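Asks: Sequence:
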Amino acid sequence: MENNTKFNIWYVLAAVWGVLLLQNLIFDQFRPTIIPYSEFIEAVEADRVIEIAVGQDRISGKMRGDSDQEILFSTVRVDNDLSRKL
Numbered sequence: 278m279e280n281n282t283k284f285n286i287w288y289v290l291a292a293v294w295g296v297l298l299l300q301n302l303i304f305d306q307f308r309p310t311i312i313p314y315s316e317f318i319e320a321v322e323a324d325r326v327i328e329i330a331v332g333q334d335r336i337s338g339k340m341r342g343d344s345d346q347e348i349l350f351s352t353v354r355v356d357n358d359l360s361r362k363l
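In my numbering, the protein residues as written are 278 to 363.
Errors might be hidden in some of the hints.
[Stated by the list, open to error] With a straight-line Cα cutoff of 20 Å, these simulated EDC-like cross-link-like pairs (lysine to aspartate or glutamate) come out:
1. Lys339 - Glu316
2. Lys339 - Glu328
3. Lys339 - Asp305
4. Lys339 - Asp324
5. Lys339 - Glu319
6. Lys339 - Glu322
[Stated by the list, open to error] Here are the computed distance ranges between Cβ atoms for each label pair:
7. Lys339 - Leu297: 24 to 34 Å
8. Leu290 - Ile327: 37 to 47 Å
9. Ser344 - Ile318: 20 to 30 Å
10. Asn301 - Glu328: 42 to 52 Å
11. Val289 - Arg341: 42 to 52 Å
12. Val296 - Leu349: 22 to 32 Å
13. Arg341 - Leu298: 47 to 57 Å
14. Val289 - Asp358: 38 to 48 Å
15. Asp334 - Ala291: 39 to 49 Å
16. Gly295 - Val331: 36 to 46 Å
17. Val331 - Leu302: 24 to 34 Å
18. Asp334 - Phe304: 35 to 45 Å
19. Trp287 - Glu319: 32 to 42 Å
20. Glu319 - Leu290: 41 to 51 Å
These aren't lab readings, by the way, just hints derived from the structure by calculation.
Since the model is a prediction, treat every value here as computed from it, not as a measurement.
The C-beta atom is built at its ideal place from N, Cα and C for all residues, glycine as well.
Just need the whole structure built from these sequences, with the hints factored in.
Replies: Below, the structure is given as structure tokens:
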């Protein structure tokens, strides 16, 4: 008996595409929202910022949204006197 199983590249490409789509859907909720620096300062002044990590040129962290859900955010660091406002 002869086995006529044939390898088809389209099945592999469809599987890879499916995995990438699934990964994008799952991990998209953990991607921080890019906000302007002015919106970050408004959130600090309104005491909506929960936690931050200040890097050399970026600020990222969590803040409370309009309906008290936690939002991951990221923005550029502009102000060197930021620690006084916090």
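Asks: Decide, hint by hint, whether the structure agrees.
Replies: How the hints compare with the structure:
1. Lys339 - Glu316: holds (13 Å)
2. Lys339 - Glu328: holds (5 Å)
3. Lys339 - Asp305: holds (16 Å)
4. Lys339 - Asp324: It holds: about 12 Å lies between the C-alpha atoms, which stays within 20 Å.
5. Lys339 - Glu319: Holds, at about 14 Å.
6. Lys339 - Glu322: holds (15 Å)
7. Lys339 - Leu297: 24 to 34 Å: For Leu297 against Lys339, whose Cβ atoms are near 27 Å apart, the range 24 to 34 Å holds.
8. Leu290 - Ile327: 37 to 47 Å: holds (42 Å)
9. Ser344 - Ile318: 20 to 30 Å: holds (22 Å)
10. Asn301 - Glu328: 42 to 52 Å: violated (26 Å)
11. Val289 - Arg341: 42 to 52 Å: Because 45 Å falls inside the window, the suggested range holds.
12. Val296 - Leu349: 22 to 32 Å: holds (24 Å)
13. Arg341 - Leu298: 47 to 57 Å: violated (31 Å)
14. Val289 - Asp358: 38 to 48 Å: With a Cβ separation near 55 Å, Val289 and Asp358 fall outside 38 to 48 Å, so the hint is violated.
15. Asp334 - Ala291: 39 to 49 Å: holds (40 Å)
16. Gly295 - Val331: 36 to 46 Å: holds (39 Å)
17. Val331 - Leu302: 24 to 34 Å: holds (31 Å)
18. Asp334 - Phe304: 35 to 45 Å: For Asp334 and Phe304 the Cβ distance comes to about 24 Å; the hint is violated.
19. Trp287 - Glu319: 32 to 42 Å: violated (51 Å)
20. Glu319 - Leu290: 41 to 51 Å: holds (46 Å)
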